Amino acid sequence: MKTNTVLAVALSVLVTVAAPLAVAHGGASGVVKERMDLMDSMKDAMKSLKAIFKGDVAYDPEAVRQAALVIRDSAGEKMTSLFPQGSLHKPSEAKSEIWQEWDRFDLLAKRLQVISQGLHDAADNQSAVGQGHMGEGSMMGTDSMMGSSSMMGGQMMGNSAAGSESMMGGMSEMMDSPEHYAQMPADRVFKMLTDNCSSCHTRYRLEDK
Amino acid sequence: MKRLLIGSTLLGVLLISGWSTFQLSANVGTIKLESQAGDVARGAYLARVSGCIACHTRIEEGGRPLAGGPPLTTPFGTFHAPNLTTDKAQGIGSWSLDDFARALRQGVSPQGQPYYPAFPYSFYSKLSDQDIADLWAAFQTVPAVTEAGAEHQLGFPYNVREGLTLWQGLFFKPQSAIALRSDDERYNRGAYLVESASHCGACHTPRNLLGGLDDDRALQGAENLLDGSSVPAISAGALQDAGWTSSDLAYALKTGLKPDGDVFGGAMGEVVRDGTAFMTPQDRDAIAYFLLNRE
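Those sequence lines, one after another, are chains A and B. Counting in the working numbering, the first sequence runs from 352 upward without gaps. Counting in the working numbering, the second sequence runs from 784 upward without gaps.
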């Protein structure tokens, strides 16, 4: 009886302590849980930035800076250190291509850090936000890409600022310059930040419902 | 794997049993558009929103426009979208407008060979004559690239192209009607984009073991794709249950950002990057409006 009581208490302690850990991210543990938590913190920051740049809330440079810092401090080596070789156990959404293309993955993580620093520094450059945030009518609009009758020729891909922007080719040239981003309209930097997230998710994340 | 084996077996049985009962020549009908004048700018826009550029260009590798696409991995093997430039040997430079229309509308090459449904002609069959003429006019402006596209890598029985005629007979429903509303232009524009040009159902509608679209479950999502990923339902009910608003949907199609701050990945990341991000705001709004109000 005494043994049963001890076991019952031990079990209840175990359940009490372990349950919240197990529930988080569907049972993630160790480094997988750490990086999923890290991604969640960036997701929360992106949500607040989205509300600002979509125009759902009033523009707030300080809120932009705070969110940008959350991303900056989660990116680069902080992020890649949480992807040790082969850490694919469930519920990880990472794809094995990460380790097959480590340099590319590492570059995207570092670029995320540089762009988010740039967004922090560009937060006061609000002027373009009200004129079509996320580049509407400029880089992403229809005029530059689709309106031209020569669109199907060399021009089509050449100024593909909306897309991959010769994704890897142009990346190395741009990533060493947070000062460059700081000179840009904040909404444009936010778009580049979003594109960087998408590039990584598109290639290295297993999509689930 | 089990699903693949069952599919292979079924296709093999169909091939053998159908050989004598189906005429194994492609479904070539008469299409005459030669006199239709095309608008290059409109066609270029359509090429973007219809995914021609996304699928037929190695964008991430800095490939030449429409010179051939990256590998498309499916449960049936790996497909490579071919060179569609004006090169006469490797591209479509020797085609006529009617050849082009037949490919899009009927899924048949100028030589009469049926195309694999990785090429979404089931959706393009609903394009109008003017759409096709515009696309054709735009394609004529693409510089020739003398580079052969990579061959498809398909195992048996999927590499038996004759089986595709049978497949088309069973599963291809050309020019099925799009349900329109007589007094709602935004809805109709969204319907046209979702159900034809932008072929959302190619990924978001489940397929049977042989790759035929399950129209009874249109836009209800697909599971267990080859890499273990799945595609969410985008039926009106599913989107509403997930809390999507029209404004959020349109914004996500423009930026890739979801309401919770996550950013699209996988094929949808590419769809936004190479397609919907280039749409007019009105078209993105129309898609969102249609999806959330679809009957």
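In short, the hints are calculated from the structure, not lab data. A portion of the hints provided could be inaccurate.
Cβ-to-Cβ under 8 Å is the rule here; a few derived chain A residues that face chain B [stated by the list, open to error]:
{"no.": "1", "residue": "395"}
{"no.": "2", "residue": "408"}
{"no.": "3", "residue": "549"}
Computed from a prediction, not measured in an experiment: that's the story for all the values here. Ideal Cβ positions, reconstructed from N, Cα and C, are used throughout, including at glycine.
Practice item. Could you work out which earlier hints the structure fails to respect and list their numbers in ascending sequence? Key: 2
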